[in-house]
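Novice: Sequence:
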Amino acid sequence: MQFTVVTIFPEFFDSFLSCGLMAKAVEAGVVAVSRVNPRDFATDRHHTVDDRPYGGGPGMVMGLPSMTAALRSLPRPGKICMLSPAGRPLDQRMAAELAGEEAVTLLCGRYEGIDARLFDLFDITPVSVGDFVLSGGESAAACLMEAVARLVPGFMGKDASADEESFSAGLLEYPHFTRPEVFEGLPVPPVLLGGNHATIAAWRRQRALETTLARRPDLFDTTPLSPDDAAFLRAAPRTRPGRNLHLGLVHGPVLLKDGSVGTVSLTNLDVHDIARVSRTYGLGGFEVVSPLRDQLTLAGRIVDHWCTGPGSRSNPDRAEALSLVRLHESLDAALAAVSADHGCPAALIATSAKGPATLSFAAARELIAARPALLVLGTGHGLADAVLARADGVLPAIRPFSDYNHLSVRAAAGILTDRLLGDAM
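First residue of the sequence shown? That's 450 in the working numbering, and the numbers climb one at a time after it.
Mixed in with the good hints there might be a few duds.
[Said to hold, decoys possible] Pairwise CB distance ranges (calculated):
1) 507 - 588: 28 to 34 Å
2) 540 - 647: 26 to 32 Å
3) 867 - 779: 26 to 32 Å
4) 850 - 577: 21 to 27 Å
5) 655 - 706: 50 to 56 Å
6) 867 - 507: 36 to 42 Å
7) 707 - 588: 56 to 62 Å
Since the hints were made in silico from the structure, they are not lab data. Here the structure is a predicted model, which is why all the values come from computation and not from measurement. Idealized CB from N, CA, C, for every residue including glycine.
My request is simple: use the sequences and hints to build the entire structure.
Specialist: Shown next as structure tokens:
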């Protein structure tokens with residue numbers, strides 16, 4: 450496989466290409482790496498490759514003449530990729546796709562980037578190695594080259610080695626052990642010493658599933674799982690950050706249709722469906738807030754029917770979900786109840802379809818992992834401004850750029866809970 454790296458610092462790759470498996474692969478001809486310096490195509494005596502940006506601003510921009518000439522000089526550019534934070538995230542699937550190419554050219558930007566018209570002149574795929582900023586594309590290019598080269602036949606000592614590494618099967622890798630059998634009182638797992646290859650394979654698969662569930666549950670979105678895998682994951686012990694999270698459905702104070710603040714009636718379906726969301730995600734509870742006593746009485750009858758009445762016998766699954774419901778006359782009472790459950794003050798997280806947001810989903814996940822939180826959703830036309838103002842944070846709207854942003858509160862509760870917890874229950 451042919452890699453061509455277009456860089457103004459070709460010497461950056463000297464060490465990378467002279468040690469380890471990459472050096473052996475180059476020596477054996479499994480991969481070939483050539484380096485092309487755009488400065489060699491500059492026409493002025495200073496070999497200038499950058500210039501000031503149009504429109505002003507700090508820094509310099511790599512220009513088109515030398516970069517275009519460098520690319521057009523390549524006899525076999527193959528697929529052209531530019532390392533960029535704005536690119537498609539590099540993952541194992543992309544690495545496998547690139548490993549199937551005969552040739553790959555990697556563009557390493559510097560300064561503030563490369564003149565954007567380069568994308569009009571060449572078919573270029575931007576690639577990102579992570580959500581962070583580097584001084585240039587060289588270290589990212591080295592990362593991409595190694596990820597791709599490892600999948601080229603002949604690169605690994607045993608091609609099967611790559612099949613068992615992290616992400617090769619969509620999962621994180623299982624833990625490894627070697628001699629001595631006991632080190633400072635820590636033994637190797639006995640199953641690895643028994644010689645039963647089927648049992649060892651099953652143990653390794655289960656450890657990979659556990660590690661993925663604990664650290665990267667998002668990988669399950671694209672990883673095929675067998676019925677045995679699913680059964681193991683359902684039974685696997687895990688931390689449950691969901692227990693820190695309580696959903697709250699506020700019927701007052703909320704915004705009414707005319708923009709005033711008031712109270713709206715309770716809806717049977719809201720209570721049922723949000724209770725089921727709460728149980729599915731292992732939440733600490735579901736707090737229903739209404740200042741109207743007759744509405745709380747109605748809600749109490751609904752809950753009693755399913756939890757202790759005839760509904761409990763005909764539909765025990767619904768009873769299990771409705772048992773999470775608690776009724777409160779005020780938001781203060783609901784927040785106090787959640788705080789009492791956990792023995793410490795609970796955070797108040799608000800939601801709004803209109804914004805502005807003050808708390809990202811990532812920050813909210815960290816908050817929920819650290820302390821109890823009550824996530825409140827408003828009925829009617831949303832939570833009153835006074836509720837939003839007192840909250841520790843307001844989450845982003847679910848569909849902020851849609852021309853129709855009118856989800857039911859039941860749907861919003863499910864979507865928000867999944868964005869916050871996913872499979873990390």
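Novice: All hints, please: hold or fail.
Specialist: Structure-based check of all given hints:
Taken as a hint, the range 28 to 34 Å is violated for the pair residue 507 and residue 588, whose Cβ atoms sit roughly 22 Å apart. For residue 540 and residue 647, the hinted distance range of 26 to 32 Å is satisfied, since their beta carbons lie about 30 Å from each other. Distance hint for residue 867 and residue 779: a CB-CB separation of about 28 Å, consistent with the stated range 26 to 32 Å. A hinted range of 21 to 27 Å holds for the C-beta pair residue 850 and residue 577, which are about 22 Å apart.
Checked against the given bound of 50 to 56 Å, the beta carbons of residue 655 and residue 706, roughly 54 Å apart, stay inside it. Here the CB-CB span from residue 867 to residue 507 is close to 41 Å, well matched to the stated 36 to 42 Å. Between residue 707 and residue 588, the C-beta spacing of about 58 Å keeps the proposed range 56 to 62 Å intact.
Comparing the model with each earlier hint shows a violation of hint 1 alone; every other hint is respected.
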